[in-house]
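The hints should help you fit chains B, C and D onto chain A, whose structure is shown.
So the protein lines, in turn, are chains A, B, C and D. The numbers in this note's numbering rise by one with no breaks, and the one at position 19 of the first sequence is 19. The numbers in this note's numbering rise by one with no breaks, and the one at position 70 of the second sequence is 70. The numbers in this note's numbering rise by one with no breaks, and the one at position 21 of the third sequence is 21. The numbers in this note's numbering rise by one with no breaks, and the one at position 2 of the fourth sequence is 2.
Simulated from the structure, these hints should not be mistaken for laboratory data. Among the hints, a few may not be true.
Below are the EDC-like pairs computed for lysine to aspartate or glutamate, each with C-alpha atoms no more than 20 Å apart in a straight line [claimed, not checked]:
hint : chain 1 : residue 1 : chain 2 : residue 2
1    : A       : K59       : D       : E68
2    : D       : K88       : C       : E19
3    : C       : K88       : D       : E19
4    : C       : K88       : D       : D28
5    : D       : K67       : D       : E19
6    : D       : K5        : D       : E59
7    : C       : K126      : D       : D28
8    : C       : K20       : D       : E17
9    : D       : K20       : C       : E18
10   : A       : K59       : A       : E25
11   : B       : K2        : B       : E31
12   : D       : K88       : C       : D25
13   : D       : K88       : D       : D28
14   : B       : K59       : C       : E59
15   : A       : K59       : A       : E31
Nothing here was measured: the structure is a model prediction, and the numbers come from that model.
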Amino acid sequence: MKAVYFAWVRERIGLAEEELSLPEEVKTVSELVDWLVARGEGYALAFENRQSIRAAIDKRHASAHSLIASAREIAFFPPMTGG
Amino acid sequence: MKAVYFAWVRERIGLAEEELSLPEEVKTVSELVDWLVARGEGYALAFENRQSIRAAIDKRHASAHSLIASAREIAFFPPMTGG
Amino acid sequence: MVALKVSVQLEDFSAQEEEKCLLSDRRDIGALISFIGLCRDEEPPLSALELEHYPGMAEAEIAAVAKEASLRWPIFGATIIHRYGMIKPGAQIVLTLVAAAHREAAFASAQFIMDYLKTRAPFWKKRHFSDGTEGDWVAPKIEDDLALDRWLETKPPLP
Amino acid sequence: MVALKVSVQLEDFSAQEEEKCLLSDRRDIGALISFIGLCRDEEPPLSALELEHYPGMAEAEIAAVAKEASLRWPIFGATIIHRYGMIKPGAQIVLTLVAAAHREAAFASAQFIMDYLKTRAPFWKKRHFSDGTEGDWVAPKIEDDLALDRWLETKPPLP
Numbered sequence: 001m002k003a004v005y006f007a008w009v010r011e012r013i014g015l016a017e018e019e020l021s022l023p024e025e026v027k028t029v030s031e032l033v034d035w036l037v038a039r040g041e042g043y044a045l046a047f048e049n050r051q052s053i054r055a056a057i058d059k060r061h062a063s064a065h066s067l068i069a070s071a072r073e074i075a076f077f078p079p080m081t082g083g
Numbered sequence: 001m002k003a004v005y006f007a008w009v010r011e012r013i014g015l016a017e018e019e020l021s022l023p024e025e026v027k028t029v030s031e032l033v034d035w036l037v038a039r040g041e042g043y044a045l046a047f048e049n050r051q052s053i054r055a056a057i058d059k060r061h062a063s064a065h066s067l068i069a070s071a072r073e074i075a076f077f078p079p080m081t082g083g
Numbered sequence: 001m002v003a004l005k006v007s008v009q010l011e012d013f014s015a016q017e018e019e020k021c022l023l024s025d026r027r028d029i030g031a032l033i034s035f036i037g038l039c040r041d042e043e044p045p046l047s048a049l050e051l052e053h054y055p056g057m058a059e060a061e062i063a064a065v066a067k068e069a070s071l072r073w074p075i076f077g078a079t080i081i082h083r084y085g086m087i088k089p090g091a092q093i094v095l096t097l098v099a100a101a102h103r104e105a106a107f108a109s110a111q112f113i114m115d116y117l118k119t120r121a122p123f124w125k126k127r128h129f130s131d132g133t134e135g136d137w138v139a140p141k142i143e144d145d146l147a148l149d150r151w152l153e154t155k156p157p158l159p
Numbered sequence: 001m002v003a004l005k006v007s008v009q010l011e012d013f014s015a016q017e018e019e020k021c022l023l024s025d026r027r028d029i030g031a032l033i034s035f036i037g038l039c040r041d042e043e044p045p046l047s048a049l050e051l052e053h054y055p056g057m058a059e060a061e062i063a064a065v066a067k068e069a070s071l072r073w074p075i076f077g078a079t080i081i082h083r084y085g086m087i088k089p090g091a092q093i094v095l096t097l098v099a100a101a102h103r104e105a106a107f108a109s110a111q112f113i114m115d116y117l118k119t120r121a122p123f124w125k126k127r128h129f130s131d132g133t134e135g136d137w138v139a140p141k142i143e144d145d146l147a148l149d150r151w152l153e154t155k156p157p158l159p
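Isolated chain A, as found in the complex (with noise of 0.2 Å):
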């Protein structure tokens, strides 16, 4: 599964993208969060404030309880500013 992110969570965790392979147990938006922060500092700093991120499956808006299991792009991002 390819992961994206963008803006400042970008920024955070210092890459654009990355492929990551999941363990079985993670199975919603907000498990992947919780091993994500386990990895490394920019991770816990990119999420640091958990209800300000969203997050995205195949390109469509989802929610923390949104099951990843069959997503081949989850992207994660700070609330939008566009317009």
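Frame of chain A, contents of chains B, C and D only:
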């Protein structure tokens, strides 16, 4: 005092404008309409539905009770349909 | 200083030229709204809409509406152009441009200007049909009076 | 058939060209709204706003918002262009055009599109200052979330 007419008020009266010499007892817009209606069929037709006719005194919206004493120009017209 | 420009004219207008003029070289404008009202064709087909107006009063009323908008919302400028004369289907009738720092003020004031202009500015439309007959005068729409109600909630109406 | 056009692009756009395209030779359009969002300068002075986006999702989200607008209001077409990359103060960021028979539908749907686009389309702005320093990311405005509330009264929000 000059009277000016627009749209179908103008068409029914058959004049775009005219000079009026009003008797002293004609003091308000409403009294002026009474006085005009008595002048002939075209005027009567123009004002047959009096609530729908708008008036302006010196190019500012006026009501039926507005005083016309110092007016230089009084206008009558149907509801506006610009824009 | 709010830049308000009003023109009542026979000639067509260029929204782009007016926008350029309104934006000039300012760098504090975040939102630019343009509303263009066009002559729609109808059934039976129109050859033109004839727009009659009350010279002097038309300009004054539009200017009063623009001024009121600039008092209600923080805008930098507005340009309003209203044509008169014979206008063919597909042609432009009216332009309202508003420039502001933020979109909320731009949207609200452009809509306010159009709503008030419709019911206060002395213009009247007459239909001319393609078969050469002269048609009736366009009747005011009840929605145009209702559209004013939304502005009454916050502030008193124009005098 | 409602003509919906969405573009996410690096290059600048011409509102005039897009308007011409949207109007084509139709004679049933009575109202054309154009909203242009511009890069405002700030204090301390900006050299540019950098707009990052999520390719693919940005287009899809804007298209979904445009589609929803066309289901809520009787409109003939909408064109939405959003730029990304480095954008200098005074330059254009976003264009929303809506064509309809009547002004009410045009105003409402243009405003709806802008409100939803602000909070759903994956774009992020970063400030770059004139003194050469790279600034912070623009924070979302609370008003942008509040702006969505007005649309909930009539219909459910987008999924």
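Quick rundown of the hints versus the structure:
1. Taken as a hint, the K59/A and E68/D pair is honoured in the structure, with Cα atoms around 18 Å apart against an allowance of 20 Å.
2. For the hint pairing K88/D with E19/C, the CA-to-CA distance comes to about 19 Å; that is within 20 Å, so the pair holds.
3. Proximity of K88/C to E19/D is assessed by CA-CA distance (about 18 Å); at most 20 Å being required, the pair is judged to hold.
4. With a CA separation close to 12 Å, the supplied pair K88/C and D28/D stays within the 20 Å bound.
5. The hinted pair formed by K67/D and E19/D meets the criterion: a straight-line CA distance of about 19 Å does not exceed 20 Å.
6. For the proposed pair K5/D and E59/D, the alpha carbon gap of about 10 Å is at most 20 Å, so the pair holds.
7. A threshold of 20 Å between alpha carbons decides the hint, and for K126/C with D28/D the separation of about 17 Å falls inside it, so the pair holds.
8. A C-alpha spacing of about 15 Å is found between K20/C and E17/D, which places the hinted pair at or below 20 Å, so the restraint holds.
9. Distance check on the hinted pair: K20/D and E18/C sit about 17 Å apart at the alpha-carbon level, within 20 Å; holds.
10. Restraint check: the Cα-Cα separation between K59/A and E25/A comes to about 23 Å, which exceeds 20 Å; the hinted pair is violated.
11. For the given pair, K2/B sits about 16 Å from E31/B by alpha-carbon distance, which is consistent with the 20 Å threshold.
12. This hinted pair checks out: K88/D and D25/C have alpha carbons roughly 13 Å apart, not beyond 20 Å.
13. Taking the CA atoms of K88/D and D28/D, the gap is about 38 Å. The hint is violated against a cut of 20 Å.
14. Distance hint between K59/B and E59/C is fulfilled; the C-alpha atoms sit about 10 Å from each other, no more than 20 Å.
15. A distance of roughly 19 Å separates the Cα atoms of K59/A and E31/A; the hinted pair therefore holds under the 20 Å criterion.
Violated hints, in rising order: 10 and 13; the structure is consistent with all others.
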